[in-house]
Every structure is written in structure tokens, then in C-alpha cells.
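Trainee: We have chain U; now place chain S onto it with these hints.
The lines below spell out each chain.
Number of protein chains: 2
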Amino acid sequence: MNFMNRTNPIGFFDSGIGGLTVVKSVIELLPNENIVYFGDTARVPYGNKSNETVIEYSLQAANFLLRKNIKLLVVACNTASSVALKELRRFLTIPVIGMIEPGSKMALQETKNGNIGVIGTISTINNKAYSNQIKKLNPKVKVFEKACPLFVPLAEEGWINHKATELIAREYLKELKEKKIDTLVLACTHYPILSDVIQKVIGKNVKLVHSGEPAAKIIEEYLNGRGLRNTSNQLGKREFYVSDVPNKFNEIAERFLGTKIKHLYKVELDELTND
Amino acid sequence: MNFMNRTNPIGFFDSGIGGLTVVKSVIELLPNENIVYFGDTARVPYGNKSNETVIEYSLQAANFLLRKNIKLLVVACNTASSVALKELRRFLTIPVIGMIEPGSKMALQETKNGNIGVIGTISTINNKAYSNQIKKLNPKVKVFEKACPLFVPLAEEGWINHKATELIAREYLKELKEKKIDTLVLACTHYPILSDVIQKVIGKNVKLVHSGEPAAKIIEEYLNGRGLRNTSNQLGKREFYVSDVPNKFNEIAERFLGTKIKHLYKVELDELTND
Numbered sequence: 208m209n210f211m212n213r214t215n216p217i218g219f220f221d222s223g224i225g226g227l228t229v230v231k232s233v234i235e236l237l238p239n240e241n242i243v244y245f246g247d248t249a250r251v252p253y254g255n256k257s258n259e260t261v262i263e264y265s266l267q268a269a270n271f272l273l274r275k276n277i278k279l280l281v282v283a284c285n286t287a288s289s290v291a292l293k294e295l296r297r298f299l300t301i302p303v304i305g306m307i308e309p310g311s312k313m314a315l316q317e318t319k320n321g322n323i324g325v326i327g328t329i330s331t332i333n334n335k336a337y338s339n340q341i342k343k344l345n346p347k348v349k350v351f352e353k354a355c356p357l358f359v360p361l362a363e364e365g366w367i368n369h370k371a372t373e374l375i376a377r378e379y380l381k382e383l384k385e386k387k388i389d390t391l392v393l394a395c396t397h398y399p400i401l402s403d404v405i406q407k408v409i410g411k412n413v414k415l416v417h418s419g420e421p422a423a424k425i426i427e428e429y430l431n432g433r434g435l436r437n438t439s440n441q442l443g444k445r446e447f448y449v450s451d452v453p454n455k456f457n458e459i460a461e462r463f464l465g466t467k468i469k470h471l472y473k474v475e476l477d478e479l480t481n482d
Numbered sequence: 208m209n210f211m212n213r214t215n216p217i218g219f220f221d222s223g224i225g226g227l228t229v230v231k232s233v234i235e236l237l238p239n240e241n242i243v244y245f246g247d248t249a250r251v252p253y254g255n256k257s258n259e260t261v262i263e264y265s266l267q268a269a270n271f272l273l274r275k276n277i278k279l280l281v282v283a284c285n286t287a288s289s290v291a292l293k294e295l296r297r298f299l300t301i302p303v304i305g306m307i308e309p310g311s312k313m314a315l316q317e318t319k320n321g322n323i324g325v326i327g328t329i330s331t332i333n334n335k336a337y338s339n340q341i342k343k344l345n346p347k348v349k350v351f352e353k354a355c356p357l358f359v360p361l362a363e364e365g366w367i368n369h370k371a372t373e374l375i376a377r378e379y380l381k382e383l384k385e386k387k388i389d390t391l392v393l394a395c396t397h398y399p400i401l402s403d404v405i406q407k408v409i410g411k412n413v414k415l416v417h418s419g420e421p422a423a424k425i426i427e428e429y430l431n432g433r434g435l436r437n438t439s440n441q442l443g444k445r446e447f448y449v450s451d452v453p454n455k456f457n458e459i460a461e462r463f464l465g466t467k468i469k470h471l472y473k474v475e476l477d478e479l480t481n482d
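Protein sequence lines, in the order shown, are assigned to chains U and S. Every position in the first sequence, counted from 1, becomes a number in our numbering once 207 is added. Every position in the second sequence, counted from 1, becomes a number in our numbering once 207 is added.
Okay, chain U solo, but in the shape it has when bound (with noise of 0.2 Å):
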């Protein structure tokens, strides 16, 4: 085992670029972290998958991150922590800190009436990993759940106030706007691109619950508690890896992190899968 030092980087992974809103609530939170991302988008994505794919290539996520000897490992993908958590953390020494834990707990918080929806991708509700997590945390709660599979391509396509999209996301919220929800979980790293047409369909009286924000604060809670916050006084150092390039991935990734990438490397497939 390696001797954990404060200065070591924060290792994040997701199916591609949705992760990036989480690495944003991070630099927010905190800005003098290490931060190694990795972004599987010669794979991506991981929503529509079987449980036995996702669990595969989180392994190899992971695997890839340990070798820049990070300190904690940041599952920022939803659909990888509902499904692929408890075998990565049979399988990796260092902590592992997935979404639906931090998400739940602030659905908790922000429930008054004790109706929380969520949404995601097919393999995240499918799972059913937030209604299992919530209920665990309190079982008087109701969880009413709902896959939103148009929801990703359409942030990836950048039609964040198109009135296609609203419509669609009537069809999706309707189920849960009739349960009189007063809280949503945005269940799905990409969600948070489409908020504002999510926010005003819904209701601008239910509560958005975000991953980033509450996994943020949990990384904070975690560092602090093992003294391995970064104390230095300078901007941490952030490099971004992913296993394609595609065409226009700086302007989409750029939305999602909401900065520009300066390090980014591709990392080739075989690198992954000759383990």
C-alpha cells in the first residue's frame, strides 16, 4: 500500500464528460485539490449498458486512475455507482466515494413533504440505487423514479432552452409532477447542463439536487477528517485523460466544466484492457 500525502491528486472518472460538472463543484469547493480525471468516451456511454459492462470498464477506470497514485477515488458517474461500487471497493485500498450516497442524504435534507423524485439514465433507475439508499436512510420517504435516456444526447447536443426539449422533458416529469414531488435528484452527471428547462417544467417550487454539490462536500468532509486536504496555497494542477478525442470535445467538455481544458491527454484502449 502507498503512503497517502496530501499533495496526491483526487482521481475522478465518468462514461465520458458528464463527470466534469462534478470536477466543477469540486474546483468550487476546493481549489487547491490535485484533480485526475478520466473520461471513458471511446465507450461512453455507460446508461444503456448491462450491470456486467459497467462493472468491467469501471475497473479499468479505477485501475488506470490508481497508476497516478491518487488519494481518493471520485466515481462521477451515476450510472457507474449505482451498479459498479460495491466491486470497486472490494477491489481498491483507497476510498471510494460514488454519487448516490451524497445525493440521497441532501434529497433528505431538502424533502419537506417527503415526496423525492429522481432521474437518470436506464441503468441507474433500472438499479434502483437512490430509492434502496434513501429508503435505507428513511423508510418513511416516497421515491418515485424515472429514466430520462433522451436527457444525455441532448445536453451533449447543446439544446439546453430548445423547445423540443421541453416538450420531452414534459413527457419524462409528467409521472413525477403528478406524485407531488417537492424535491428531484438529477441522478445523472449530465442533468445539471439541462436545469434551467428541468427547473421550470417541473416546478420552480421543487428543489434540484445536483450530484456535484453534495459530493463536494463529502470529499471535503473526508479529506478534512484524514488530514488529507491539500494545504497549498496555489491552484491545484488538473489533467484531464480520455480515451477518444472526438471532433469539437474541447467546446462540449467546456460546457460541462465551465473552464477551459488545458491538460488533456488520450489514453489508448489497450492501456485499459491489458490488465
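Hints in this document: simulated from the structure, not taken from any laboratory. What you were told as hints is all true, and nothing was included just to trick you.
When chains are identical, the list treats them as one kind, so a pair holds in a single copy or across two.
Calculated lysine-lysine pairs in the BS3-like style (CA-CA distance at most 27 Å, straight line):
(1) LYS319 / LYS386
(2) LYS370 / LYS387
(3) LYS411 / LYS370
(4) LYS353 / LYS319
(5) LYS353 / LYS370
(6) LYS231 / LYS414
(7) LYS473 / LYS335
(8) LYS424 / LYS275
(9) LYS381 / LYS455
(10) LYS455 / LYS335
(11) LYS407 / LYS370
Mentor: Relative to chain U, chain S alone:
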């Protein structure tokens, strides 16, 4: 080199299930041919990935099908046809049929005013595969291309008659309508699923060219020309291999194939990558 036999199967590959619309056309025209299909569902889609990655995946898919003793390889994916055909032809000793040439020829047969539209994935359109091919065959026609990345997830979601699909189609097809095209190539094997709404939006006087029908005709010509047509009186055997079997796979795949999938097998990614 193997001796080719009339009864050897025709091999097809696609990034996922879209190529099943091509298989459907081939089954209609050549019901006695044996068929082996590979859909790379663990890494779908190809249309938003880089050329380098699409070439790598295509060579792996071809390699897998070669082990099934196919007599002919059909690249039943417009993205892979646009990007990887040259590499596949360099690497393989059996003939390789892509989607671009059949679709381009048919578009030229159909157009009267010489204004042809082409819609496809980001990769197919950025590579200008159709405009290059069509202009090579007839430099006088005008080709107008437009990427429609949301059509694939809409087809997979099955939103065939949804208002949102129509709105999205109106946005994507606006420019092509202004150019007064009389022929529109559906240059993605997913798009035939949405042909009703596409026809409605582009206008009923515009002829839609699917990939499957012209490809089936070229396959028939090729087999007849080489004496490789399967002369059996029985229906061909049809085997379907996929790299991942996600939820609802059969339901979605049957929408594309138009019939039930009887022989479905899962291929491990190692089988593809460890060559």
C-alpha cells in the same frame, strides 16, 4: 485463403442494432442466405467517436466475423463505412460492401432536380463520405449534408410519432428544405425507424433513400456475379452476436429487424481486442 462456398454466411457488423435494418432488407431479398451479425453494443455508438477509434473497432469486428467463415463482409453502419472502409479493404481478402456506394448510386438514380440531401451521424457528415462519393459519380449534382445526432437516441427510445421528434426533425431538416432537395439519403441505419416523421417534415415529394434496399441489391448482384448465391430452398440460418446485452435489448432489436431474434449470443470484449 479459404475456398468460398455458396453456403458460407454473409457477415454484417454495426456499432449496435441499427444494422439490423440492413439485415431486414437482405432477408427480404435473399431469404436463403445464412447470416452472421455482430453488433458492438458494449461500445455503441460509433457516430460521435473519432475516426481512429472507429477504425480500430471496425477491424476488430471484421476479425471476429472472419472466424465465422463469412463469404462477404457488409459494413452495415454508415459511420464505419464512411471512416473505415479503406482500412477494411486493405486488411481483408474477402470483398467488403459498405453503405456509401449503394446509397449514393440510388440517390443519383432517384434525383430529378440534382439536389440531394444527406443526413447522418456527426462522424458520417464530417467525413463528407456521401458528398465525395456522389460527386465522384456525377460532379454536376449538388449535395447538402446535415448531422442529426438526436435521431439515433430517438429511434432507440422508440419515439417514432412523438411531437418532440417532429420538432427536432423540423430543426434538423430546415436547411435541406430550403435547398429544395428532391432526394434525401438516410445515411444512418437507425433512421429508417423514423422515416414517417422525416417524410412528413421534409415533404412527401422528396424521395427517401434507405441504406438497406440498395445495399441488398448490390449484395445480390455481387453474389450472382461470383456464383456465390446460396441456392438452398430453405430459409437461411441467422446468428446474432453482440458485445453487450443491455435491458430490453430484444424489444428494441426486434423493432429494427422487424422479426424475432432467435439465435442471440454474447461476445466477450476480450475476444475482440486480444488479437
